[in-house]
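Participant: This is what each chain is made of:
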Amino acid sequence: MGWKVRLNVTTGLLGAITLAFLAYQWLPILTLGLLSFSGPSGGTTFPMNGVSFHWYRELWQASVMNDFKPPLLRSSLLALACALTTVVLSVMAAQAMRGRFRGSGAFFYLMLLGIMAPGILVGFGFAILMRLLGIELAWNTTTFLVQVSWTLPFGFLTMLAVFNRFDPRVEEAALTLGASRLVTFRRITLPLVLPGIIGAALFGFSLSYDEYPRSMFTTGPDGTLPLAIMAQLDRQLTPEIYAIGTVTTMSSLVAVTLCAAGLWAMRRSTAGRSP
Amino acid sequence: MSTIRVRSSASYWLALPATVWMLVVVVVPIVLLAWVSLWGGRSLSPTSPLTFDNYAKFFANKTYIDLALSTIGHVLLLMGLTGLLGYCIAYFLVMKVRSPIWRLVLFLAFVVPFWTSTLIRAIAWVPFLGVNGVINRILLALGATHAPIEAFLYSRTGITMAQVSLYTMMAAGPVVYMLNAIAPQLREAAMTLKAPPFVVFRRIVLPLTLPGIVIGQVLVFLNVMSDFATVATVGGNKHALLSNLVLLFYEGSQIRAASVVAVLLMLCMLVGVVAAMRVVDIRRLGTDR
Numbered sequence: 001m002g003w004k005v006r007l008n009v010t011t012g013l014l015g016a017i018t019l020a021f022l023a024y025q026w027l028p029i030l031t032l033g034l035l036s037f038s039g040p041s042g043g044t045t046f047p048m049n050g051v052s053f054h055w056y057r058e059l060w061q062a063s064v065m066n067d068f069k070p071p072l073l074r075s076s077l078l079a080l081a082c083a084l085t086t087v088v089l090s091v092m093a094a095q096a097m098r099g100r101f102r103g104s105g106a107f108f109y110l111m112l113l114g115i116m117a118p119g120i121l122v123g124f125g126f127a128i129l130m131r132l133l134g135i136e137l138a139w140n141t142t143t144f145l146v147q148v149s150w151t152l153p154f155g156f157l158t159m160l161a162v163f164n165r166f167d168p169r170v171e172e173a174a175l176t177l178g179a180s181r182l183v184t185f186r187r188i189t190l191p192l193v194l195p196g197i198i199g200a201a202l203f204g205f206s207l208s209y210d211e212y213p214r215s216m217f218t219t220g221p222d223g224t225l226p227l228a229i230m231a232q233l234d235r236q237l238t239p240e241i242y243a244i245g246t247v248t249t250m251s252s253l254v255a256v257t258l259c260a261a262g263l264w265a266m267r268r269s270t271a272g273r274s275p
Numbered sequence: 001m002s003t004i005r006v007r008s009s010a011s012y013w014l015a016l017p018a019t020v021w022m023l024v025v026v027v028v029p030i031v032l033l034a035w036v037s038l039w040g041g042r043s044l045s046p047t048s049p050l051t052f053d054n055y056a057k058f059f060a061n062k063t064y065i066d067l068a069l070s071t072i073g074h075v076l077l078l079m080g081l082t083g084l085l086g087y088c089i090a091y092f093l094v095m096k097v098r099s100p101i102w103r104l105v106l107f108l109a110f111v112v113p114f115w116t117s118t119l120i121r122a123i124a125w126v127p128f129l130g131v132n133g134v135i136n137r138i139l140l141a142l143g144a145t146h147a148p149i150e151a152f153l154y155s156r157t158g159i160t161m162a163q164v165s166l167y168t169m170m171a172a173g174p175v176v177y178m179l180n181a182i183a184p185q186l187r188e189a190a191m192t193l194k195a196p197p198f199v200v201f202r203r204i205v206l207p208l209t210l211p212g213i214v215i216g217q218v219l220v221f222l223n224v225m226s227d228f229a230t231v232a233t234v235g236g237n238k239h240a241l242l243s244n245l246v247l248l249f250y251e252g253s254q255i256r257a258a259s260v261v262a263v264l265l266m267l268c269m270l271v272g273v274v275a276a277m278r279v280v281d282i283r284r285l286g287t288d289r
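The listed protein sequences correspond, in order, to chains A and B.
The opening residue of the first sequence carries number 1 in full-length UniProt numbering; numbering runs sequentially from there.
The opening residue of the second sequence carries number 1 in full-length UniProt numbering; numbering runs sequentially from there.
Bear in mind the hints are in silico, worked out from the structure with no lab data behind them.
Only pairs whose alpha carbons sit at most 30 Å apart, straight line, appear in this in silico DSS-like list of lysine-lysine:
1. B/K238 to B/K57
2. B/K238 to B/K62
3. B/K96 to B/K194
4. B/K96 to A/K4
5. A/K4 to B/K194
Computed Cβ-Cβ distance ranges for the label pairs, DEER-style:
6. B/I65 to A/S52: 48 to 56 Å
7. B/S48 to A/W26: 47 to 55 Å
8. A/V5 to B/E188: 19 to 27 Å
9. B/H146 to A/V5: 37 to 45 Å
10. B/V271 to A/D234: 27 to 35 Å
11. A/F53 to B/V271: 50 to 58 Å
12. A/S52 to B/A56: 57 to 65 Å
Computed from a predicted model, the values in this text were never measured in an experiment.
From the three backbone atoms N, C-alpha and C, an ideal C-beta is built for every residue, glycine too.
Construct all of the structure, not just a fragment, from the sequences and the given hints.
Facilitator: Below, the structure is given as structure tokens:
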């Protein structure tokens, strides 16, 4: 067998593995979506026993026990707050890294620790700290503090990557022309790194919105959405969980698509402006 | 010259909020866990005498030792599976897909689930794995089996299957990055010098992508090690890994025992990360290219 034939066989094999894995990754998600439309007597697996919006209606008219609307609101607000905080702090931190201050190496590792340290340990440790200090746990205080420690490093790495590819000569030009450092930063630097800022915000939002282990230990009686889903799963698995899963998955996809489209449009408009 | 002066005091002020935040929320709690795991006595207070009794209790119980060993075995299995699968996928995407549109479509198809909730994706495996689940129905329809296999849901197999689908892209992502960074001239040079494709792969491509492989393996290692949620949803309450034990003790108000497990978990992870750092310097990635 010649090496060209072998090369083709390898390509075919790798292609088959790739496509098979794609199916493997997507089928459960698609099944979840499909089963969420099963009829009122439908169980948690096939057959579907009819097609209906029954479980979505159930979701909407839910009783106190399995009402997902308040947790959804809490999770959304929390994710927004995390996105904002992540953007501000990560731009500051990445700008500081450009100043190559003494101890910036240790600072980098400190931020990396936020990604490396597993959520279950951070959440558990922080919960004990709060207990010893006598501070009440609540979704809008302690959970917020813990979640930012998870979203911030991702925003920081995004901004660092953007600043690494950034051409400092445009700043130099503005400064030589007499603009102050603050004005240069606001008028030149910030608009140029805007795609990175959107990326950092997206990380902040989606990581916070989906976060489970950190929230589990640090949230008081009023839980976030992932906590509510887990609690419902512990009580009983119904197609209602599939419905809420489909809704959150779809909203994540819409958010990502919108951001990607925004970035693409922005790149096009800046590309059109340059000579 | 740039908007920030090198070694100016401004950079300290800019870095301060993030530093304080990370110290208070990540470093202090982890140090606290190590301290609490040494507390003796009856009440949970900083005045407790320090002792190694909590560790002695853990290591005296054979069930826990077995659990720790099986956790390590499970993590190694997943690292192997995701590493192999991830490398094949990364290699195909970067080296074999020529059309830019197909590349984008495939890239999106792989990355998009990453932006959705891991918890939901784990739950999505439940209707797949049950006795009446999708896999069993397919197997029955194909005639591959006569009775439904009960071994999928609430089993180690099911957990492994779900985790492979969740974490393979973590192993593939860094490899994609490193493969993209290889100059095509390097491979062309080797081929001009009559190296067969496999030799080109083994002597040129594989060594150059090694940092990507290592980082991917570290990501999978850390995530599987601490992923108690998938184990809980797909494995039911029948199966536990070391991280589930933390939760179990915590819910049973055995804070000191939970801290012991947490510290052991942390030590395992530290050993893994340090070992990986000896192979590749994470800081150098992305800066000098």
